[in-house]
Amino acid sequence: MAWNEPGKPGDKDPWGQRRKPGAGGPDIDRIVKDIQQKFAGLFGGLFGGGGRGGDSHASGFGFGLILVVALMIWLATGFYVVNQGERGVVLRFGKETQITDAGLRWHLPFPLESVEKVNVEKVSTIEIGYRSNPRTGGKSKVPKEALMLTEDENIIDIEFAVQYKIKDAAQYLFNVRDPETTIAQATESAVREVVGKSTLDFALTEGRDQVSRSSRELLQQILDRYNTGVHIVTVETQKAQPPDEVKPAFDDAVKAREDEQRLINEAEAYANDVIPRARGGAARLIQEAEGYKSSVIARADGDARRFSQIANEYVKAPAVTRERLYIETMEQVLSSTTTIFIDQKAGNNLIYLPLDKLVPMGEAAGAVPYVPPLTEADATAAGAARNGAASRGRTDLRSRGATP
Amino acid sequence: MNQNKLLALLGIVLLVLITVKSAVYTVDEREKVIIVRFGQVLRYDDGPGLHFKTPFLDEARYFDSRILTLDSDPQPFLTKEKKYVVVDSFVKWRIEDALKYYLTVGGQETDARRRLEQVVNSGLRDEFGKREVKTVISADRNKIMQILTEYTDREARKFGIVVTDVRIQRVDLPEEVSQSVYQRMKAERSRIANELRAQGAEAAEKIRANAERQRQVLLAEAYGKAERVRGEGDARATALYGQAYGRAPEFYSLYRSLGAYKESFRSKEDILIVDPSSDFFRYMKKPTR
Numbered sequence: 306m307a308w309n310e311p312g313k314p315g316d317k318d319p320w321g322q323r324r325k326p327g328a329g330g331p332d333i334d335r336i337v338k339d340i341q342q343k344f345a346g347l348f349g350g351l352f353g354g355g356g357r358g359g360d361s362h363a364s365g366f367g368f369g370l371i372l373v374v375a376l377m378i379w380l381a382t383g384f385y386v387v388n389q390g391e392r393g394v395v396l397r398f399g400k401e402t403q404i405t406d407a408g409l410r411w412h413l414p415f416p417l418e419s420v421e422k423v424n425v426e427k428v429s430t431i432e433i434g435y436r437s438n439p440r441t442g443g444k445s446k447v448p449k450e451a452l453m454l455t456e457d458e459n460i461i462d463i464e465f466a467v468q469y470k471i472k473d474a475a476q477y478l479f480n481v482r483d484p485e486t487t488i489a490q491a492t493e494s495a496v497r498e499v500v501g502k503s504t505l506d507f508a509l510t511e512g513r514d515q516v517s518r519s520s521r522e523l524l525q526q527i528l529d530r531y532n533t534g535v536h537i538v539t540v541e542t543q544k545a546q547p548p549d550e551v552k553p554a555f556d557d558a559v560k561a562r563e564d565e566q567r568l569i570n571e572a573e574a575y576a577n578d579v580i581p582r583a584r585g586g587a588a589r590l591i592q593e594a595e596g597y598k599s600s601v602i603a604r605a606d607g608d609a610r611r612f613s614q615i616a617n618e619y620v621k622a623p624a625v626t627r628e629r630l631y632i633e634t635m636e637q638v639l640s641s642t643t644t645i646f647i648d649q650k651a652g653n654n655l656i657y658l659p660l661d662k663l664v665p666m667g668e669a670a671g672a673v674p675y676v677p678p679l680t681e682a683d684a685t686a687a688g689a690a691r692n693g694a695a696s697r698g699r700t701d702l703r704s705r706g707a708t709p
Numbered sequence: 547m548n549q550n551k552l553l554a555l556l557g558i559v560l561l562v563l564i565t566v567k568s569a570v571y572t573v574d575e576r577e578k579v580i581i582v583r584f585g586q587v588l589r590y591d592d593g594p595g596l597h598f599k600t601p602f603l604d605e606a607r608y609f610d611s612r613i614l615t616l617d618s619d620p621q622p623f624l625t626k627e628k629k630y631v632v633v634d635s636f637v638k639w640r641i642e643d644a645l646k647y648y649l650t651v652g653g654q655e656t657d658a659r660r661r662l663e664q665v666v667n668s669g670l671r672d673e674f675g676k677r678e679v680k681t682v683i684s685a686d687r688n689k690i691m692q693i694l695t696e697y698t699d700r701e702a703r704k705f706g707i708v709v710t711d712v713r714i715q716r717v718d719l720p721e722e723v724s725q726s727v728y729q730r731m732k733a734e735r736s737r738i739a740n741e742l743r744a745q746g747a748e749a750a751e752k753i754r755a756n757a758e759r760q761r762q763v764l765l766a767e768a769y770g771k772a773e774r775v776r777g778e779g780d781a782r783a784t785a786l787y788g789q790a791y792g793r794a795p796e797f798y799s800l801y802r803s804l805g806a807y808k809e810s811f812r813s814k815e816d817i818l819i820v821d822p823s824s825d826f827f828r829y830m831k832k833p834t835r
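So the sequences go chain by chain: A and B. Residue 306 is where the first sequence starts when you use our numbering, and the numbers rise one by one after that. Residue 547 is where the second sequence starts when you use our numbering, and the numbers rise one by one after that.
Where hints are given, some of them may not hold.
Unchecked claim - Partner residues aside, some chain A positions facing chain B, computed with beta carbon under 10 angstroms: (1) GLU401; (2) VAL423; (3) LYS598.
To be verified - Chain A residues, not near chain B, derived (Cβ > 12 angstroms throughout): (4) ALA381; (5) PHE384; (6) TYR385; (7) GLU391; (8) ASP406; (9) SER437; (10) THR441; (11) GLY443; (12) SER445; (13) LYS446; (14) LYS472; (15) VAL481; (16) PRO484; (17) ASP514; (18) GLU573; (19) ARG611.
Please keep in mind that the hints were generated in silico from the structure rather than gathered at the bench. No residue lacks a Cβ here, since even glycine has one placed at the ideal position from N, Cα and C.
Produce the entire structure from the sequences given, and follow the hints as far as they go.
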């Protein structure tokens, strides 16, 4: 029973003189008796004999007292405390006899028994490829450990943290000399074996987890083969990257991947801009054509109807209508232009026409701009009219609106 | 008198203690022991615990019974393709037969280590010489370790030693080779980078070209359709005109010409020089025909 076990204050003090029988825990009287019985044969009554052999009762008594006190002190050296999470391994003459849990314990004092304590709860860490400094919290690199070869003969820069605890105290103590170094060696060997079976790209990217897992398994196998009594909790990949020497090139390759995507995106943006615009342009062309078609037909229809109606009336009185139309037109033409009337038969004299006076009336305002702001249709209509009314070119038809 | 007795008693006790100390020996869980009397091995297989021997004559010699490590320095080995690799290995071994161990290596751990190292080294040299770097690193790594473990174990048993494991801890390339590996890795990456960028440019160009083609096709098709539509319009208009005008072609000429005259001369800037003999002016000379 642990001497610090809660709830029983009366039992707490292991040095308490009066203990209830059967209360458990170390009872010095009983233990002393035990020992005397246990080792009666071994020591052949050496102490007892010594005590009885004294001639003088007084000196014998004094000697005996000293012996008893010495014996008590000697026995007291057998007490030991096993902390929570620890196991005490008791060795009798070097042979393992028992494993004790947390609490105040007692073993036969030196040189009969000894105890070795092992913490089985504590999780220890081994670092491969780096060492963290517990005081500053910083990390320092160990390139010799961190750089390893991959299957494709590349070199990877990888760091691992291994966490382990002791699962079997006796195995841990007795089976391997220097277990910590052994774990470190085995870790490095296991990790390198696993990394050596992976390609660089795999270990760098999607394989990180798998590398950790396989390393853990392999490491546990190795340590079990040595019976180290160690349980590997985790093997964690801290860092996996290309070595510093080639890192810029790797980063550039990553950037290139981005560039590739960027170029494609830009082109797609361009396409997304151009095609709808083209569709819009195409729609405009067609709409314009449709508009043209409708307007041309509508005009033609109008023109044709108008003509037909006049023609109908014309048939009824052709001569008069002709005459009327002619006179009306001439009237309109002559009245709206500068008309010069010359009777050529009056004489053969040269007539002086101040054309330069007449024409500049138009030029003064600038010949071209002054041409009354005609539309294209008007202009072509005028041209067509000069070329002869019979002309039925497309342009002619298109300028139908300009005709009376 | 009492004092003398006491002294004598103490002397006896001391003597007994010394004798007992010499007659008793303990074997730890971590130890093996050999009992030697005048150079002659008496016993060698005592388990842990308390044991007795003849005092003063017998001598106990202790060996470590735990797994021990031989971690030799990294050494260069030639591979099949005559490349050097630096190999760091370790051997886990244990004294199995204390007697043999005592007899063959005199119980000297350094001696045992030296022998093991020789065996492992020659084994490594053999196995690496048969393989290429790539195989050594990945495929056959485990196999080499197995072969070496078996081989070393076989050899070591002659010294009473059991080899638990021979493991290759590191296989590294020599520094100058590492540099060339870095160069190669760099070149490889820049090849990949170039490839990626070129692929990007390729894809981008394709997308652009495709877009432009689509634009061109769209516009051309639209143009085609537009012209067709215009043509339809023109044709329809022509038909309408033809139908209407065809009924009175003569009158159309007049009508249209007159319209054209009106259109042509309608501004004061236009100058008409007119001969009075024109039919229009016939009444200007005499009121009747």
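- Task: Quick one: work out the minimum CB distance from SER445 (chain A) to chain B and report holds if it exceeds 12 angstroms, violated otherwise.
- Result: holds (19 angstroms)
- Item | Reported absence of GLY443 (chain A) from the contact zone with chain B (all CB gaps over 12 angstroms) | For GLY443 (chain A), whose nearest Cβ neighbour in chain B is about 25 angstroms away, the distance exceeds 12 angstroms, so it holds.
- Query: Far enough from chain B: is every CB of that chain over 12 angstroms from the CB of ASP514 (chain A)?
  - Reply: ASP514 (chain A) clear of chain B: closest Cβ-Cβ about 19 angstroms, beyond 12 angstroms.
- Item | No chain B beta carbon within 12 angstroms of ARG611 (chain A)'s | violated (9 angstroms)
- Minimum Cβ distance from LYS598 (chain A) to chain B below 10 angstroms? Given a least distance of 3 angstroms, the restraint on LYS598 (chain A) holds.
- Message: According to the definition I'm using, a residue is off the interface if its beta carbon is farther than 12 angstroms from all beta carbons of the partner; does ALA381 (chain A) meet that for chain B?
- Response: holds (22 angstroms)
- Query: Non-interface claim for GLU573 (chain A): all C-beta distances to chain B beyond 12 angstroms?
  - Reply: The assertion about GLU573 (chain A) is violated, with a minimum of 6 angstroms to chain B.
- Taking C-beta pairs only, is LYS446 (chain A) more than 12 angstroms away from all of chain B? holds (16 angstroms)
- Item | Hinted contact GLU401 (chain A) with chain B - closest CB pair below 10 angstroms | Status holds, d = 5 angstroms.
- Query: Taking the closest Cβ pair, is VAL423 (chain A) under 10 angstroms from chain B?
  - Reply: violated (13 angstroms)
- Nearest-CB test (12 angstroms) between chain B and VAL481 (chain A): violated (4 angstroms)
- Message: For GLU391 (chain A), is the shortest CB-to-CB distance to chain B above 12 angstroms, so the non-interface label stands?
- Response: Given a closest Cβ separation of 18 angstroms, the condition holds.
In terms of the numbered hints stated before, the structure departs from hints 2, 15, 16, 18, 19, listed from lowest to highest.
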